[in-house]
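These protein sequence lines are chains V and F, in that order.
Everything in the first sequence is counted per numbering that gives the first Met the number 0, starting at 0 for the first residue and increasing by one.
Everything in the second sequence is counted per numbering that gives the first Met the number 0, starting at 0 for the first residue and increasing by one.
FYI, nobody ran anything at the bench for these hints, they're computed from the structure.
Think of the CB as a built atom: it goes at the ideal place given N, C-alpha and C, for glycine as much as any other residue.
Some clues are possibly wrong.
Stated by the list, open to error - Derived BS3-like pairs (lysine-lysine); straight-line CA-CA distance at most 25 Å:
hint, chain 1, residue 1, chain 2, residue 2
1, F, Lys187, V, Lys163
2, V, Lys164, V, Lys3
3, F, Lys2, F, Lys112
4, V, Lys50, F, Lys2
5, F, Lys182, V, Lys8
6, V, Lys459, V, Lys366
7, F, Lys33, V, Lys50
8, V, Lys367, V, Lys459
9, F, Lys112, V, Lys50
10, V, Lys50, F, Lys61
11, V, Lys369, V, Lys334
12, V, Lys164, F, Lys187
13, V, Lys8, F, Lys187
14, V, Lys246, V, Lys277
15, F, Lys182, V, Lys163
16, F, Lys187, V, Lys50
17, F, Lys112, V, Lys163
18, V, Lys166, V, Lys3
19, F, Lys182, V, Lys164
What the hints assert, rightly or not - A few chain F positions that, by computed beta-carbon distances, are all more than 12 Å from chain V:
hint, residue
20, Leu15
21, Met45
22, Gly51
23, Gly135
24, Phe164
25, Asp174
Stated by the list, open to error - Some chain F residues flagged as far from chain V (calculated, every beta-carbon gap over 12 Å):
hint, residue
26, Asn17
27, Thr31
28, Glu145
29, Thr151
30, Asp175
31, Glu196
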Amino acid sequence: MSPKTLYDKIWDAHVAQEAEDGTCLLYIDRHLVHEVTSPQAFEGLRMSGRKVHAPDKTIAVPDHNVPTTAGRENPDQMPEDSRIQVAALDTNAREFGVHYYPVTDIRQGIVHIVGPENGWTLPGMTVVCGDSHTATHGAFGSLAHGIGTSEVEHVLATQTLIQKKSKNMKVEITGKLSPGVTAKDVVLTIIGETGTGGGTGYVIEYCGEAIRNLSMEGRMTICNMAIEGGARAGLIAPDETTFEYVKGRPHAPKGAQWEAAVNWWKTLYSDDDAHWDKVVTIRGEDIAPTVTWGTSPEDALPITATVPAPEDFTGGKVEAARRSLDYMGLTPGMKLSDIEIDTVFIGSCTNGRIEDLRAAAEIVKGKKIKDGMRAMVVPGSGLVRAQAEEEGLADIFKDAGFEWRLAGCSMCLAMNPDQLSEGERCASTSNRNFEGRQGFKGRTHLVSPAMAAAAAVTGKLTDVREL
Amino acid sequence: MEKFETFTGIAAPMPLVNIDTDMIIPKQFLKTIKRSGLGVHAFDEMRFDREGNEVPDFVLNKPAYRESSILVAGDNFGCGSSREHAPWALADFGIKVVVSTSFADIFFNNCFKNGMLPIVLPQEQVDLLMSDAEKGENARMTVDLEAQEITTSEGEVIKFDVDPFRKHCLLNGLDDIGLTLEKADAIKSYEERVAQERPWV
Ligand code: SF4
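Bound-form chain V, shown alone (with noise of 0.2 Å):
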């Protein structure tokens, strides 16, 4: 046999018809679905009078619009738009008969935190949702990539997809990380190495020693962020790390069903030989706490670097520079420590798990948040929110000053109550630092949690080495 990556292994073990041109049709393990994306969908069902073809491996949650205040299952809360929408998605559950979180349930919250920690998501599976950050779901070594509206009705009638296959990327991590550096600051690194189109076009997969060596929190921060750097899906194969997180979850397999999916799930890597169509390296011990000064995911920096000028860049990315510069009130040449923040926000499906929790809260502990600053704690799951409950966690962030929420999207992008004013400037653990992403003229600096609790407590971008 010829030797093969991961992606031709999970590829291939879903093609359920190939046709002479190459076009496939791609069988969906997992179909997670939100509010935003799915109710003409679901009408197109409804009008053709189809059935959803698989219902147990359709999965429900509302995310995007939800508020994440108090009271909140009492629709009046949402403006009316968002409203019907969380009410279509409500109906459509229902009546189509897929699994399905409601806001009152505790198992609701951000779609990619949802799936895997209730074990919907396994190793060698594919998953799709209409949402980009599907992606996610590739720290299983699972092809996870987002959909479009007509795809999720398409998914839902017939359970596939029409796709052809994309090229093989190797992303490798070397060596280990220096203390203070986490997941994010590798992925935001990638991205500001590989820039926000290096991906374009291909599967990328996410491997060596600072991969091995990272959770199942971490490894879902890198691949979340794979479409950010152009990429519609990242990987990272599955290892016993990966296995022990999935043993005991809800709806992964049990007993000899388990034993059967271990062992298909130890073949799931990529062949010594396997051809790469681009492989990008860099070593982990270069890597540091990094933040992003501008309007794109690939404007990443260390902190202990200084705000570029336009002339720094080439092509385009000069008149692209100077207008993030302008939108991000920033000056050439003033270091990224000196940037004074208002806002912090530390949750979303890149950040929001529990290990994320546990990180910023060991930076706040026993401190206060700066006066005057805003600063939340939205964890990505009612789950998450319970465990750090009893962790103390949240009395750390609480006592500290942060708000504490309940689960959603929340300040990831202005959908919801919880949004940027014009000017304001935000550390977030979020995951795109477009304009007007998280409010109108609203100004994001893309940070790992901890350094997100950094700045909470000093009001300025800080390298949380120096804490």
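For this one, chain V is given, so just place chain F with the ligand on it according to the hints.
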């Protein structure tokens, strides 16, 4: 998608040229979470005044044309924004066929995705159908996609062209999903195989 079957219906004359998708469905109706239910807003700004009263002169408000299933329209129908809400609104109103000398590209494609048949004809044949449509309720036309023919109320037969693949899809009620469902056997046998090999999925 429903199969496109031969039908006889009322044709409404809309000689205006460049009817754009904003006219077909104004932007205030795009916030919907639905594809259906837009029919009541089709041509909203031409059909209703600012108080929401019907404009009696508008063709689809006239008693003879309220049940129209065919539009005979002026040149370049469906231009402007690519909103799929436009064909959604027309289909929901009950329109199955639009006849014109020309259509905007995206609208033309969107029609097929929604089970509607846009028919392109030379000017003189559109003129002929237009005057037939102007006769009102008594002017029922028959559209036969299989034979690619429109028969006027006078019994005159007009031939039209249609892409063979699209014809096949309309006649069989196939959209992308429909086409995939034609491969249901392949999907089923895949599922059966995986149920053996990886029963935990
Ligand atoms: S947390 Fe942010 S990136 Fe993740 S699904 Fe929600 S809106 Fe999208």
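Hint check results:
no., hint, in the structure
1, F:Lys187 to V:Lys163, "holds, 21 Å"
2, V:Lys164 to V:Lys3, "holds, 14 Å"
3, F:Lys2 to F:Lys112, "holds, 12 Å"
4, V:Lys50 to F:Lys2, "holds, 18 Å"
5, F:Lys182 to V:Lys8, "holds, 23 Å"
6, V:Lys459 to V:Lys366, "holds, 15 Å"
7, F:Lys33 to V:Lys50, "holds, 17 Å"
8, V:Lys367 to V:Lys459, "holds, 14 Å"
9, F:Lys112 to V:Lys50, "holds, 19 Å"
10, V:Lys50 to F:Lys61, "violated, 39 Å"
11, V:Lys369 to V:Lys334, "holds, 20 Å"
12, V:Lys164 to F:Lys187, "holds, 22 Å"
13, V:Lys8 to F:Lys187, "holds, 21 Å"
14, V:Lys246 to V:Lys277, "violated, 34 Å"
15, F:Lys182 to V:Lys163, "holds, 17 Å"
16, F:Lys187 to V:Lys50, "holds, 15 Å"
17, F:Lys112 to V:Lys163, "holds, 22 Å"
18, V:Lys166 to V:Lys3, "holds, 12 Å"
19, F:Lys182 to V:Lys164, "holds, 20 Å"
20, Leu15, "holds, 29 Å"
21, Met45, "holds, 25 Å"
22, Gly51, "holds, 19 Å"
23, Gly135, "holds, 31 Å"
24, Phe164, "holds, 15 Å"
25, Asp174, "violated, 8 Å"
26, Asn17, "holds, 28 Å"
27, Thr31, "violated, 8 Å"
28, Glu145, "holds, 21 Å"
29, Thr151, "holds, 31 Å"
30, Asp175, "violated, 6 Å"
31, Glu196, "violated, 8 Å"
Hint check: violations occur at hints 10, 14, 25, 27, 30, 31; the rest are consistent with the structure.
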